[in-house]
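Student: Residues per chain are reported as follows:
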Amino acid sequence: MEKRTDSPYPRKDLPILAIIGVLLVISTIVFAVTDHRKDWRYYQAEFKKMVAEKFGAEKAATIPSGMKQIWVPDMRRADRCITCHQGILWKGFETADHPYKTHPPEPIRTHPIEKYGCTSCHGGQGFAVQSQEAHGPVKFWEEPVLGKSMGEGYSLAGDDKGALIQMNCNVCHRFDRETKGMDMINHAKKLVRDKGCRACHVVNSRGGTIGPDLTFVGDKAAEQYDMSRLGGQKTAFAWHVSHFKNPKEVVPDTVMPNFGFGTKDAQSLAALMLSWKRAPVPVDFRPGVARTDPQTAEEVADEQRMKTGPGAWFVKTGCFICHSVSSLGVKSAAQIGPDLSTAVEDTQSRFGKTVDDFVKNPTGTMSVVLTRQIVLTDQEKEVAIQKLREAYAEHQKQKAAGTAATASGGH
Amino acid sequence: MSAKPETSKPEAPGVHEKPFWSLRPKSDRQAGDAVVSNFLLHWFPAKVYKPSLDWNYSFWLGTASAALFLLLVLSGLPLLLLYVPSVERAYGSVKDIEFVVTFGWWIRAVHRIAAHLMVAVVFLHLVRVFLTGAYKNGTGRGQHREWNWVMGVVMILLTLFLSFTGYLLPWDQLAYWAVTVGTNIASSIPFVGPDVRELLLGGRTIDQATLIRFYVLHVIFLPGGLGALLAYHMWRIRKDGGLAKADREVLETTRKEAAPGKTKTYTLLGVARGTSPLVRASSLERSELTVNSVNDLVRRVYIVVLGTFAVVSILACFIPSPLEEPANPMITPNPAKAPWYFLWLQEIVTDTTVKIGSFTINGAFLGGVILPGILLTALTVWPWLDKSPMEAAGAWFHASRKRQNAIFLIVVAIILAFTIVGTFMRGPYWHFFWPWQAWPELPTRI
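Chains as they are written, first to last, in the working numbering: chain A, 6 to 416; chain B, 51 to 496.
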């Protein structure tokens with residue numbers, strides 16, 4: 006048999022092959038170890054120790070180990086928070102640190118976790134099982150946990166730094182007039198009613214069209230805001246806070262008036278805005294209130310009275326959305342604009358124009374309103390001037406009679 | 051195959067007592083038999099020219115590409131069982147692979163990194179073949195290297211399309227908008243563009259129809275097609291007498307010996323029609339020029355394949371695979387970028403929207419259709435345009451191919467430069483940013 010030809014290759018190549026073998030072994034060890042080394046193993050072991058100390062080893066042995074999740078098919082949520090937060094349903098760890106701490110029982114009684122999961126209220130990334138990814142803020146996950154540290158980051162007014170969680174409460178509770186435990190949102194809702202936001206904005210399909218529809222303003226993506234005039238944090242929340250405090254500062258050509266909101270008001274309203282989202286929430290998860298935002302009987306009766314009274318024209322035309330006409334018994338909910346009882350002298354002092362001139366060639370906010378919202382024909386404008394004069398005459402009469410009504414209502 | 055069976059068991063090539071064997075051939079004959087008797091080794095010749103094995107001739111880029119393809123198939127199999135191709139569930143299933151499935155993050159990273167590397171390595175393989183003139187035929191009979199080159203061009207297109215279809219599957223913002231940009235470029239083809247886009251998407255918007263279309267292409271048709279072409283590509287290399295470099299060696303040795311040697315013919319089991327390939331005996335008998343494929347070639351193949359696996363596996367441990375926000379047709383990320391290997395096109399598209407008077411040249415048409423069309427056509431027919439002598443086959447930067455190599459390298463450099471600019475230096479609104487310049491802060495919700 007012919008002999009095997011000598012080859013130089015084994016000498017050169019076998020060591021290389023050996024090195025590659027070693028590399029393969031190393032890489033296998035690295036990924037196997039990386040995969041095994043997870044925070045949650047540590048937290049589960051610690052919790053087991055805590056239970057053993059407090060309630061005995063027998064009790065500790067019953068604690069399940071391994072990755073855990075709450076799967077809520079209706080909401081398409083798989084929340085793995087309970088992998089680390091094992092103590093939430095245990096009694097006796099009320100004063101423990103996170104993640105071992107007992108969850109306050111009251112919200113869980115009304116919102117059982119097997120039905121609601123965790124992230125639908127708290128935010129955060131339910132898929133994740135590592136601390137940073139789960140709680141955020143982390144790139145590519147836009148719902149960080151709405152906890153105390155986030156509230157502190159925004160220097161939230163008031164004592165409850167964890168109040169931002171109420172944004173998520175209001176996704177379901179948006180049609181509640183008031184909800185227990187949601188002070189921040191309740192405050193904002195009251196402001197919306199008192200300040201007459203609906204004069205210009207549609208909210209829940211009711212309101213004016215001067216400003217944008219706010220019904221689902223919470224869905225607006227961060228990229229869709231102009232943050233160029235915003236100092237500090239560039240977030241949608243910060244934008245709203247800044248905008249509520251001084252609209253012209255973030256949107257120079259806005260017609261939205263400055264309401265002089267304080268920090269607490271602005272933050273509450275910003276939270277309310279972000280909570281107005283299209284909610285992927287099944288109907289039976291919502292509270293048992295009508296899914297509309299109706300006026301109260303009192304509000305309806307008031308409106309009816311004004312519609313048939315001497316100021317009916319102002320109501321019919323829509324002026325009353327922003328302006329009271331106190332001399333004629335018309336009361337505006339919003340009172341954004343001045344009382345029209347004195348418009349005849351007001352236009353002189355405010356704009357340097359007679360009321361005739363102003364109605365025909367309005368300036369400022371009214372120029373927007375009278376070209377977009379309330380469009381009057383020349384004939385109607387004559388009527389308007391006539392009515393304003395009547396209101397002023399009535400005002401003078403009442404003043405003379407010493408029974409002048411105050412701007413906030415005369416009935 | 052370690053020794054001849056001593057029992058009365060039937061004795062024939064390929065019949066072994068042991069289910070597994072490790073081969074230590076004692077003679078050249080035995081080493082040659084190993085190739086014949088083993089299915090997996092069939093695509094190797096019994097003997098190979100030593101210079102074909104050089105690390106610094108081919109850089110083994112073709113083998114590395116094949117190794118990456120194998121790795122992609124292997125890592126794709128478990129993903130096939132875990133991924134759900136539905137717009138409602140795709141994103142969640144990828145999150146599960148990332149966070150919950152044992153080794154899931156690693157398998158996904160291996161798949162992703164191997165895919166990116168494959169695009170790069172296949173491209174480098176093409177560059178190597180061009181610069182060495184390896185699509186040129188040598189002295190052997192029945193050689194058609196030019197057709198193997200065309201095959202290679204088709205395979206690089208398949209590789210790009212495989213990667214592109216895989217891009218959509220996670221159904222995140224990156225996927226959605228990369229595919230939006232990619233298919234919008236396709237729609238600028240005159241007359242048929244919108245139809246091409248509709249054919250790709252299975253509709254006019256990227257939705258479930260697109261996802262299932264891309265998915266089936268990605269897991270069945272494209273890898274199947276690429277696998278078949280790969281087999282053919284390999285078989286042609288054998289038919290063409292091995293690497294072009296081997297031809298060159300034959301040419302040089304026969305030149306030295308004026309007298310022609312005796313010839314041997316081999317039948318190829320009826321695969322080849324007509325005259326069987328003729329191999330010059332001189333080359334076969336010059337044992338100082340050749341080595342047995344078993345084990346010297348096989349060992350190097352092991353080194354390249356396992357080395358590729360090792361590199362990808364280690365990279366996968368340290369480079370996490372991104373998964374952006376769930377796909378949202380309402381929100382366009384700024385900037386929206388195509389996959390990196392199409393960014394040179396996107397860069398050209400944005401740079402070539404030219405206005406001459408009232409006449410506007412559509413950049414997408416020029417940069418997305420005309421230019422790649424011309425490049426691709428030139429690339430495909432290049433072996434027929436290349437009139438350099440036979441000696442230029444299998445030699446790096448042969449003097450007779452100086453000019454075409456220079457032109458080719460300039461085009462490659464431009465493509466690379468545009469790719470780098472598009473990938474690293476384009477920020478919001480496609481504005482230019484130096485690598486050391488920070489992009490404007492991206493706003494977040496809260």
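These are computed hints drawn from the structure, not numbers from a lab.
Computed from a prediction, not measured in an experiment: that's the story for all the values here.
Be aware that a few hints might be false.
Heads up, simulated SDA-like pairs for lysine to any residue below, C-alpha to C-alpha not over 20 Å straight-line [as the list claims (entries may be wrong)]:
1) Lys-59/A - Trp-95/A
2) Lys-17/A - Val-98/B
3) Lys-282/A - Thr-382/B
4) Lys-73/A - Pro-383/B
5) Lys-100/B - Lys-59/A
6) Lys-120/A - Ser-154/A
7) Lys-282/A - Pro-376/B
8) Lys-144/A - Thr-260/B
9) Lys-144/A - Gly-142/B
10) Lys-239/A - Asp-104/B
11) Lys-282/A - Pro-385/B
12) Lys-100/B - Leu-19/A
13) Lys-144/A - Pro-493/B
14) Lys-17/A - Glu-138/B
15) Lys-43/A - Ile-369/B
16) Lys-100/B - Lys-239/A
17) Lys-144/A - Gln-223/B
18) Lys-153/A - Lys-166/A
19) Lys-17/A - Asp-104/B
20) Lys-402/A - Thr-347/A
21) Lys-144/A - Thr-400/B
22) Lys-144/A - Tyr-107/B
23) Lys-144/A - Pro-376/B
24) Lys-387/B - Thr-260/B
25) Lys-239/A - Tyr-107/B
26) Lys-239/A - Thr-347/A
27) Lys-17/A - Val-355/B
28) Lys-387/B - Ser-154/A
29) Lys-200/A - Trp-95/A
One-sided excerpt, in silico: chain A residues whose CB lies under 10 Å from chain B [said to hold, decoys possible]:
30) Ser-12
31) Pro-13
32) Leu-22
33) Thr-39
34) Ile-68
35) Pro-69
36) Met-72
37) Gln-229
38) Leu-375
39) Arg-377
40) Glu-387
We put the beta carbon where it would ideally sit given N, CA and C, even for glycine.
Student: All the hints need checking, so say for each whether the structure fits it.
Tutor: Checked hints:
1. Lys-59/A - Trp-95/A: Distance ~12 Å between Lys-59/A and Trp-95/A Cα, so the pair holds.
2. Lys-17/A - Val-98/B: Holds, because 17 Å separates the two Cα atoms, which is no more than 20 Å.
3. Lys-282/A - Thr-382/B: Holds - the C-alpha atoms of Thr-382/B and Lys-282/A are around 19 Å apart, at most 20 Å.
4. Lys-73/A - Pro-383/B: Between Lys-73/A and Pro-383/B the Cα gap is close to 34 Å, so the pair fails against 20 Å, i.e. violated.
5. Lys-100/B - Lys-59/A: Answer violated: Lys-100/B to Lys-59/A is near 74 Å, above 20 Å.
6. Lys-120/A - Ser-154/A: 27 Å, violated
7. Lys-282/A - Pro-376/B: 17 Å, holds
8. Lys-144/A - Thr-260/B: Roughly 27 Å between the alpha carbons, so the hint for Lys-144/A and Thr-260/B is violated.
9. Lys-144/A - Gly-142/B: Given pair Lys-144/A, Gly-142/B holds - Cα atoms ~17 Å apart, limit 20 Å.
10. Lys-239/A - Asp-104/B: Distance of about 57 Å is beyond 20 Å: violated.
11. Lys-282/A - Pro-385/B: 26 Å, violated
12. Lys-100/B - Leu-19/A: 17 Å, holds
13. Lys-144/A - Pro-493/B: The hint holds at about 11 Å.
14. Lys-17/A - Glu-138/B: 54 Å, violated
15. Lys-43/A - Ile-369/B: 17 Å, holds
16. Lys-100/B - Lys-239/A: 64 Å, violated
17. Lys-144/A - Gln-223/B: Roughly 12 Å separates the two Cα atoms, so the pair holds.
18. Lys-153/A - Lys-166/A: 5 Å, holds
19. Lys-17/A - Asp-104/B: 12 Å, holds
20. Lys-402/A - Thr-347/A: 12 Å, holds
21. Lys-144/A - Thr-400/B: Distance ~28 Å between Lys-144/A and Thr-400/B Cα, so the pair is violated.
22. Lys-144/A - Tyr-107/B: 44 Å, violated
23. Lys-144/A - Pro-376/B: Given pair Lys-144/A, Pro-376/B holds - Cα atoms ~12 Å apart, limit 20 Å.
24. Lys-387/B - Thr-260/B: 19 Å, holds
25. Lys-239/A - Tyr-107/B: With a Cα-Cα distance of about 54 Å, the restraint between Lys-239/A and Tyr-107/B is violated, given a limit of 20 Å.
26. Lys-239/A - Thr-347/A: 44 Å, violated
27. Lys-17/A - Val-355/B: This hinted pair holds, its Cα atoms lying about 17 Å apart.
28. Lys-387/B - Ser-154/A: 34 Å, violated
29. Lys-200/A - Trp-95/A: Not OK: Lys-200/A and Trp-95/A at ~45 Å, beyond 20 Å, violated.
30. Ser-12: Since the shortest Cβ distance to chain B is 5 Å, the answer is holds.
31. Pro-13: Holds - the Cβ of Pro-13/A comes within 10 Å of chain B, reaching about 8 Å at its closest.
32. Leu-22: Check passed: Cβ of Leu-22/A comes within 5 Å of chain B, closer than 10 Å.
33. Thr-39: Constraint on Thr-39/A satisfied, holds at 6 Å.
34. Ile-68: At about 20 Å, which exceeds the 10 Å cut-off, the nearest Cβ of chain B leaves the hint on Ile-68/A violated.
35. Pro-69: 16 Å, violated
36. Met-72: 6 Å, holds
37. Gln-229: The hint holds - Gln-229/A has a Cβ within 10 Å of chain B, the shortest such distance being about 7 Å.
38. Leu-375: At about 34 Å, which exceeds the 10 Å cut-off, the nearest Cβ of chain B leaves the hint on Leu-375/A violated.
39. Arg-377: 26 Å, violated
40. Glu-387: Where the cut-off is 10 Å and the nearest Cβ of chain B is about 47 Å from Glu-387/A, the hint is violated.
The structure shown violates the earlier hints numbered 4, 5, 6, 8, 10, 11, 14, 16, 21, 22, 25, 26, 28, 29, 34, 35, 38, 39, 40.
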